[in-house]
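The listed protein sequences derive, respectively, from chains A and B. Just add 374 to wherever you are in the first sequence, counting from 1, and you've got this note's numbering. Just add 238 to wherever you are in the second sequence, counting from 1, and you've got this note's numbering.
Just so you know, the hints here were simulated from the structure itself, not pulled from any lab data. Incorrect hints may appear among the rest.
Claimed, not checked - Computed list of lysine to any residue pairs in SDA-like fashion (alpha-carbon distance at most 20 Å, straight line): (1) A/Lys412 to B/Arg268; (2) A/Lys442 to A/Gly468; (3) A/Lys412 to B/Gly241; (4) A/Lys411 to A/Gly470; (5) A/Lys469 to B/Ala240; (6) A/Lys469 to B/Gly241; (7) A/Lys411 to B/Ile264; (8) B/Lys295 to A/Thr472; (9) A/Lys442 to B/Ser289; (10) A/Lys379 to B/Gly278; (11) A/Lys411 to B/Gly241; (12) A/Lys412 to B/Gln275; (13) A/Lys411 to B/Gln275; (14) A/Lys430 to B/Leu333; (15) A/Lys412 to B/Gly280; (16) B/Lys295 to A/Gln376; (17) A/Lys379 to B/Ile264; (18) A/Lys412 to B/Ala240; (19) B/Lys251 to A/Ala415; (20) A/Lys411 to B/Glu339; (21) A/Lys411 to B/Gln244; (22) A/Lys411 to B/Gly300; (23) B/Lys295 to A/Gly470; (24) A/Lys469 to B/Gln275; (25) A/Lys428 to B/Thr340; (26) A/Lys469 to B/Gln279; (27) A/Lys469 to B/Gln292; (28) A/Lys469 to B/Arg268; (29) A/Lys411 to B/Arg268; (30) A/Lys411 to B/Phe283; (31) B/Lys239 to A/Gly471; (32) B/Lys295 to A/Lys430; (33) A/Lys412 to B/Lys251; (34) A/Lys379 to B/Phe283; (35) B/Lys295 to A/Asn401.
To be verified - Which stretches of chain A does chain B cover? Using the computed rule of at least three CB atoms under 8 Å from a CB of chain B, they are: (36) 387–401; (37) 468–475.
Predicted model only: the values in this text are computed from it and were never measured. Positions of the beta carbon are idealized from the N, C-alpha and C atoms, including for glycine.
Here is what each chain is made of, one letter per residue.
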Amino acid sequence: DQQVKQNSPSLSVQEGRISILNCDYTNSMFDYFLWYKKYPAEGPTFLISISSIKDKNEDGRFTVFLNKSAKHLSLHIVPSQPGDSAVYFCAAGGKGGTSYGKLTFGQGTILTVHP
Amino acid sequence: KAGVTQTPRYLIKTRGQQVTLSCSPISGHRSVSWYQQTPGQGLQFLFEYFSETQRNKGNFPGRFSGRQFSNSRSEMNVSTLELGDSALYLCASSLGPTSSETQYFGPGTRLLVL
Numbered sequence: 375d376q377q378v379k380q381n382s383p384s385l386s387v388q389e390g391r392i393s394i395l396n397c398d399y400t401n402s403m404f405d406y407f408l409w410y411k412k413y414p415a416e417g418p419t420f421l422i423s424i425s426s427i428k429d430k431n432e433d434g435r436f437t438v439f440l441n442k443s444a445k446h447l448s449l450h451i452v453p454s455q456p457g458d459s460a461v462y463f464c465a466a467g468g469k470g471g472t473s474y475g476k477l478t479f480g481q482g483t484i485l486t487v488h489p
Numbered sequence: 239k240a241g242v243t244q245t246p247r248y249l250i251k252t253r254g255q256q257v258t259l260s261c262s263p264i265s266g267h268r269s270v271s272w273y274q275q276t277p278g279q280g281l282q283f284l285f286e287y288f289s290e291t292q293r294n295k296g297n298f299p300g301r302f303s304g305r306q307f308s309n310s311r312s313e314m315n316v317s318t319l320e321l322g323d324s325a326l327y328l329c330a331s332s333l334g335p336t337s338s339e340t341q342y343f344g345p346g347t348r349l350l351v352l
């Protein structure tokens with residue numbers, strides 16, 4: 375079963391506007407969430423994370439929102455830049471035991487920012 | 239600080255052969271995780287090592303194995319290669335020892351099995 379889902383395979387945005395990428399999860403044992411950006415044939419690059427005890431975390435142009443009751447998180451990029459064009463992955467991790475070192479990833483969303 | 243490094247970057251093997259991939263974590267990081275990325279299955283967790291001990295393992299057959307050395311460097315081995323093992327293999331490191339830590343990824347090793 376897919377415990378982390380990114381239902382939008384792609385998103386197209388104009389430069390300067392806001393990009394909103396969404397992610398849903400089903401496992402209530404997840405207690406921290408991360409967003410990664412990935413270019414083809416490269417490893418994912420960490421962008422921002424959020425703990426389950428928070429509902430918002432900001433870092434520069436990137437903000438992640440977590441709605442635990444809805445099991446939903448989103449990544450906002452403001453303003454979007456052409457260099458943000460990449461595949462964005464949502465990932466989730468749990469506490470201890472079978473969660474050590476294990477992130478569960480969504481399928482990714484391709485973001486294209488047009489000049 | 240240097241990032242996570244993986245060698246080799248590209249590899250071509252034939253069915254039935256075995257392969258060993260190497261990963262050097264960020265200095266000071268003691269946890270190393272391995273992932274397989276394929277177009278059909280996405281990014282899937284293989285296993286994690288901390289202080290030379292495997293703490294967690296994903297749902298992969300026993301042909302996939304790994305180890306970690308005292309300097310935290312890690313290797314993964316795939317024996318009796320199958321065509322379906324063609325993938326991008328990614329290594330990630332984190333500080334350890336807790337489970338809720340940011341993982342930083344290397345560039346990956348692209349394996350092609352013919």
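Hint check results:
no., hint, verdict
1, A/Lys412 to B/Arg268, "violated (24 Å)"
2, A/Lys442 to A/Gly468, "holds (14 Å)"
3, A/Lys412 to B/Gly241, "holds (16 Å)"
4, A/Lys411 to A/Gly470, "violated (26 Å)"
5, A/Lys469 to B/Ala240, "violated (28 Å)"
6, A/Lys469 to B/Gly241, "violated (25 Å)"
7, A/Lys411 to B/Ile264, "holds (19 Å)"
8, B/Lys295 to A/Thr472, "holds (8 Å)"
9, A/Lys442 to B/Ser289, "violated (33 Å)"
10, A/Lys379 to B/Gly278, "holds (14 Å)"
11, A/Lys411 to B/Gly241, "holds (16 Å)"
12, A/Lys412 to B/Gln275, "holds (12 Å)"
13, A/Lys411 to B/Gln275, "holds (14 Å)"
14, A/Lys430 to B/Leu333, "violated (24 Å)"
15, A/Lys412 to B/Gly280, "holds (13 Å)"
16, B/Lys295 to A/Gln376, "holds (18 Å)"
17, A/Lys379 to B/Ile264, "violated (29 Å)"
18, A/Lys412 to B/Ala240, "holds (19 Å)"
19, B/Lys251 to A/Ala415, "holds (18 Å)"
20, A/Lys411 to B/Glu339, "holds (17 Å)"
21, A/Lys411 to B/Gln244, "holds (19 Å)"
22, A/Lys411 to B/Gly300, "violated (31 Å)"
23, B/Lys295 to A/Gly470, "holds (13 Å)"
24, A/Lys469 to B/Gln275, "violated (24 Å)"
25, A/Lys428 to B/Thr340, "holds (16 Å)"
26, A/Lys469 to B/Gln279, "violated (24 Å)"
27, A/Lys469 to B/Gln292, "holds (16 Å)"
28, A/Lys469 to B/Arg268, "holds (18 Å)"
29, A/Lys411 to B/Arg268, "violated (24 Å)"
30, A/Lys411 to B/Phe283, "holds (18 Å)"
31, B/Lys239 to A/Gly471, "violated (30 Å)"
32, B/Lys295 to A/Lys430, "violated (31 Å)"
33, A/Lys412 to B/Lys251, "violated (26 Å)"
34, A/Lys379 to B/Phe283, "holds (16 Å)"
35, B/Lys295 to A/Asn401, "holds (18 Å)"
36, 387–401, "violated (count 0)"
37, 468–475, "holds (count 8)"
In the structure shown, a violation is registered for the earlier hints numbered 1, 4, 5, 6, 9, 14, 17, 22, 24, 26, 29, 31, 32, 33 and 36, in ascending order.
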